[in-house]
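Novice: Sequence:
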Amino acid sequence: MSDRKPVESWLTDMDGVLVHEGQPVPGAPEFINRLRSSGKPFLVLTNNSIYTPRDLQARLTRMGFDVPEHAIWTAALATAQFLADQRPGGTAYVIGEAGLTTAMHAVGYILTDFAPDYVVLGETRTYSFEAITKAVRLINDGARFICTNPDPTGPSIEGALPAAGSVAAMISKATGVEPYFVGKPNPMMMRSALNVIEAHSETTAMIGDRMDTDILCGLEAGLETVLVLTGISTRTEAERYPYRPSRIVGSVADLIDEI
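All residue numbers for the sequence shown refer to this note's numbering, where the first residue is 1 and numbers rise by one.
Treat the hints with caution; some may be incorrect.
Stated by the list, open to error - Computed spacing ranges between beta-carbons, pair by pair:
id: 1; residue 1: S128; residue 2: R4; range: 44 to 54 angstroms
id: 2; residue 1: N195; residue 2: S128; range: 26 to 36 angstroms
id: 3; residue 1: N140; residue 2: E198; range: 35 to 45 angstroms
id: 4; residue 1: T153; residue 2: L111; range: 23 to 33 angstroms
id: 5; residue 1: N33; residue 2: G89; range: 37 to 47 angstroms
id: 6; residue 1: G159; residue 2: E198; range: 33 to 43 angstroms
id: 7; residue 1: R235; residue 2: P68; range: 29 to 39 angstroms
id: 8; residue 1: G142; residue 2: D257; range: 48 to 58 angstroms
id: 9; residue 1: S201; residue 2: G250; range: 19 to 29 angstroms
id: 10; residue 1: D254; residue 2: T153; range: 24 to 34 angstroms
id: 11; residue 1: G22; residue 2: M170; range: 27 to 37 angstroms
id: 12; residue 1: Q86; residue 2: D257; range: 39 to 49 angstroms
id: 13; residue 1: S128; residue 2: G176; range: 14 to 24 angstroms
It should be emphasised that the hints constitute simulated quantities derived from the structure, not laboratory data. These numbers come from a predicted model, not from an experiment. The beta carbon of each residue, even a glycine, is placed where N, CA and C say it ideally should be.
Model the full structure from these sequences, guided by the hints.
Specialist: Written out as structure tokens, the structure is:
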């Protein structure tokens, strides 16, 4: 990786990189400030499809970050963009929160449970057995199955929560149909993010805290990859994977002087 071009654009995961357990990672607000003052294109990425970029901006602002709404890219936005490209003006039965439904409406999709083109599964705080049953029947009737992200669990103060990947597995078991996952580690998420900021893979770095999503996704999209040790993956765990990040640093604070 030593012959890579200098980094001109940055993609960074949010939870575990900028924020950990509801608190900013030390040095992370300063890292974002340096990015903003440098004028270099950047995006904050998240597989979480519950919140709109405006919701996430407000959350980050409360923790001392100065991140513009347009600099936040979610799996919900990537999913909506993917569907708009695949089948413009289509219809979908959506299980999810405002982050996903707002994104779907924004690309011109009609949300319906009457013979939809797609069943789109996202994250929600309260998965409804009735809604899941409806999804199973619609898929059995021919709707295509899309899921925003494959994460089996999500974090909470009380402990792990079942996430979209687990619910998708239940629907797949009932239908025999596997979903197409748009979010990380699908490199589609990275490529859509690059398109948003008009960046090129050869001069873009992806910062993440998980080897199995962030680093894998960045690697497959041809980006420089930086693993930080403020989230899920440890240096020891990273050595067990058959692929490696371009480098490992303690936190994003270690990257400030590179911006």
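Novice: Indicate, hint by hint, whether the structure satisfies it.
Specialist: Each hint, compared with the structure:
Restraint check, S128 to R4: a C-beta distance of roughly 47 angstroms satisfies the suggested window 44 to 54 angstroms. Restraint check, N195 to S128: a C-beta distance of roughly 34 angstroms satisfies the suggested window 26 to 36 angstroms. Against the hinted window of 35 to 45 angstroms, the Cβ-Cβ separation of N140 and E198 comes to about 41 angstroms, which satisfies the hint. The hinted window of 23 to 33 angstroms between T153 and L111 holds, with their beta carbons roughly 27 angstroms apart.
Checked against the hint of 37 to 47 angstroms, the pair N33 and G89 passes, with Cβ atoms roughly 41 angstroms apart. Range check, G159 to E198: Cβ separation about 41 angstroms, and the 33 to 43 angstroms hint holds. Restraint check, R235 to P68: a C-beta distance of roughly 33 angstroms satisfies the suggested window 29 to 39 angstroms. Between G142 and D257 the beta carbon distance is about 55 angstroms. The supplied range of 48 to 58 angstroms therefore holds.
In this structure, S201 and G250 meet the distance hint of 19 to 29 angstroms, their C-beta atoms being roughly 25 angstroms apart. Between D254 and T153 the CB atoms are about 28 angstroms apart, so this pair conforms to the stated range of 24 to 34 angstroms. For G22 and M170, the Cβ-Cβ distance of about 29 angstroms falls inside the hinted range of 27 to 37 angstroms, so the restraint holds. In this structure, Q86 and D257 meet the distance hint of 39 to 49 angstroms, their C-beta atoms being roughly 42 angstroms apart.
Between S128 and G176 the CB atoms are about 22 angstroms apart, so this pair conforms to the stated range of 14 to 24 angstroms.
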